[in-house]
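**Q** Chain by chain, the residues:
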Amino acid sequence: MNKIINNIHFLFDPLSLFFLAVIAVVSLPALIYAAGYLKNQFSRPRARYLNILTVLFIVSMSGVVTAGHLLVFLVAWELMSLISFFLVAFEYEHEQSIKASTIYIVMTHIGTAFIIAGFMLLYKYCGSFDMGTIRASAPAIPGNIRDLIFLFLLIGFGTKAGIVPLHLWLPYAHPQAPSHISSLMSGVMIKTAVYGIIRFVIYIIGVDTAWWAGIILVFAAVSCLVGVIYALMVQDIKKLLAYSSIENMGIILLGIGLAMLFMALKQPYLAVFSLVAGLFHLINHAVFKGLLFLCAGSVYKSVKTRDMEKMGGLIKVMPWTAAFFLLGAMAISGLPPLNGFVSEWMALQAFFMGAIKADSGMLKLLFGLGAAVLAFTGGLAAACFVKAFGISFLALPRSRQAQEAKEVCLSMRLGMGILAVLTVSLGIFAAFIVKPLAKIAGHVCSIDISDMSFSVNNFILSPQPMKGVYLSPALLGLVLLLFGSGAAVSYFIFGRSKARVYKTWDCGYYNMTSRNEYSATGFSKPFQVAFSFFLFPYRRTQKIRESAYHVKSFSYETHTIPVFKRYLYEPLLGLIVKTAGFMRRIQPGSIHLYIGYIMLAVFLLIIFMRKF
Amino acid sequence: MRIFFICLQLVLAVLLAPLVSGMIARIKNNLRMRRGSPLLQPYYNLAKLFFKGEVVSRTASWIFRITPFILFASSAAALVLVPMVISASPAYYAGDILAIIFILALGRFFLSLAGLDAGSAFGGMGSSREMFISGIAEPAACIAVFSLMLNNASTSPELLGVTGYPHLGTICAVLCLFMITLAETSRLPVDNQETHLELTMIHEAMVLEYSGRSLAFIEMSSYIKQLFWFSLLSYLIFPVTVDISAGFAHIGSAAVLFLVKLIIFSGIVAIVEVSVAKMRLFRVVDYFGFAIILGIVATVANFIGL
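Protein sequence lines, in the order shown, are assigned to chains A and E. One rule links them: number in our numbering = place in the first sequence (from 1) + 508. One rule links them: number in our numbering = place in the second sequence (from 1) + 8.
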């Protein structure tokens, strides 16, 4: 025991500091936001309880990313999981919260079990719980054990990261927590899983086989597509953001997986570049997803619903929230010159450069397909956020609550504003930010980056292996601003044309109401049809008749089958319940039999200890 | 000096942009044995719209008002980044071909929002379809760019083209991009500029609520975007640009060559448009599926050196 306590120490190397920065960047605005958000939402004592939990949550996440000892890491990890469980279950009067938190705590513990198994294997072969010692003796671990450790850690951290098919809890748990907690969970907590993968797989165990990277890349690509397709289908604004988190975790893991692949292929520059792309997207996603969840929280507080079909027209009553949400939506859709654009561009370039350096044609083609998947994700994400913003904020209000919504208070606007400013500046100053990120990546991969260049100066990004390829978000923003303002000037300079405000024309169908508007379901219908091979949509129609000749009302519902839940989790759960039912037979309630079991267990243990 | 010439080129290109549409309309009409509207009709339309009064929907917000400017900015920025006549523009430091794809997405994003903004069902329908089509077009564009990138190990638009006779890889990639161009410039078989039929329109549905000067800007942006795509494709097939130090004679002949390329492209587009029918919306998936396969063929052809 003493030995363990003496060894407890915390790491403050560049990787830990980076993740601490990510935590700080999202936590601070979220806490400022919470001050206003909790007013009139919960009673004073409950709000205080929530604040204490929030702070403990932030501390536990900081503990996860700084722990230098496996046991400390596990304790912090478990604290983080448990506190976030309480946060998800915070609004326990809703049935959904109970369901969401139950799914969450079961899945997260399955993940933790795999992490513990991986750590025990590490301890067995390295003889220490200290990360530095393990790292030093990691190359001595036999190959198949390394593979096993990798798989355990991947499942463990993958559950927390929400990669498909381990994502099931994420769209339940994230929307159910209070909004600033959702923003912390989606913005930061799931990123600690990426920290785990980088820290343990890349930094401590070290990558030497390409198939590890292959597995991560395949799961990441699947997560990208599945996440964004589901995000397109849902009408709950926070659930949409949660699914989009799965997609973005996919993009981040594409960067990480590429870095591992290039390490195995001995391409140091590309490894660093891909890891930088992944880390950059990680902080970008933390910022804009944090922002979007805060905006969704503002909407929820004002409109009292998360259903987009009941929103609409909010841009007029909540101009600030609308502007912030728009900014976040633009960033997540990868529009220039915001931050999401730069990191997606870098990830695409990483694929492209990989194809240039690859020596086999098959590998080149795979890189091309990977880039195409990423581009596809980007295109669908843009559609998804046109829907999210357009349906909830534009046109006519679709319900009374939406009509009577009010702009939120100053502290909430301040919280969102800080993240909005960060979203813009992380984009404009991308070339400047890439330099410290490259240092972190170099540290993680143990690669000397002193002769690698990622940017021409502080404003122009330029990947070294590519000839004459530059990207300057600042310059691009300037060009766009120049043309945009030029157009605006020429619009107004010739005398403002007589703009008359009148009813919507709508091809002559006057007197439209909000019932005529395009709905969120309608907006995503083409996607539902195109992806019907995966979504299995079905509809339920019901006619309510007054008599045989007169239909009083008509209801129409459309649903999709949740493939993973239906065909993976439900059979698995059924199997477990069945096995448990079978196992009950050995528990007949006789105390003599139980004493016999204890005897048997002791015998078996003695034999086990003798043998192994 | 270089900056001056680049700006001159840009201004001339912007002025030229509506002419391309006029040319296509003229060729189409002549192919259909009609006399057709004058070559300069797009200019007349723009002038008419520019000085006309405007009606803005009561439902619409500031998104609706600023969209024409953002759309114009995104199309013009794309045009700045594509090689036309003069080489080595300093604007290439701003971004490469991938950046251009993202820039065009910016304009599309806002146009789709504007379609939803007025609250009409047609606008929403147009937005939904536009995002659907562009979402599926994105991987095709990416893989075409990818195969072209393998030529010179660069995504700079200037280095995407290969001098000499066009290879099979280049041809397939350009065909793939051509299919995307048809969709992006809202032409048959994906969309149809000539009709306002509710069930089929896409681009026209989104801009349905626009009128007067705002509509003039939106039309202008479409012309510029079209010119951008034509310049890109013609550059990829036949990459010729000159440095400003080459002298006026060379610049002049390169400019003439550029015009000839545009005329040829207009002819091709016109012939395609009069000879195909509009597809159902969900056939577009197959259409882009074919484009993606062309892109893959281009990639394979490029690295086996065909």
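Hints are computed from structural coordinates only; laboratory data are not their basis. One should not assume that every hint holds.
Stated by the list, open to error - Here are the simulated lysine-lysine pairs, BS3-like style, with alpha carbons at most 30 Å apart:
#1 E:Lys286 <-> A:Lys1006
#2 E:Lys56 <-> A:Lys975
#3 A:Lys1011 <-> E:Lys56
#4 E:Lys286 <-> A:Lys1033
#5 E:Lys269 <-> A:Lys1006
**Q** Find the hints from earlier in the document that the structure breaks and name them by number, from lowest to highest.
**A** 1, 2 and 5
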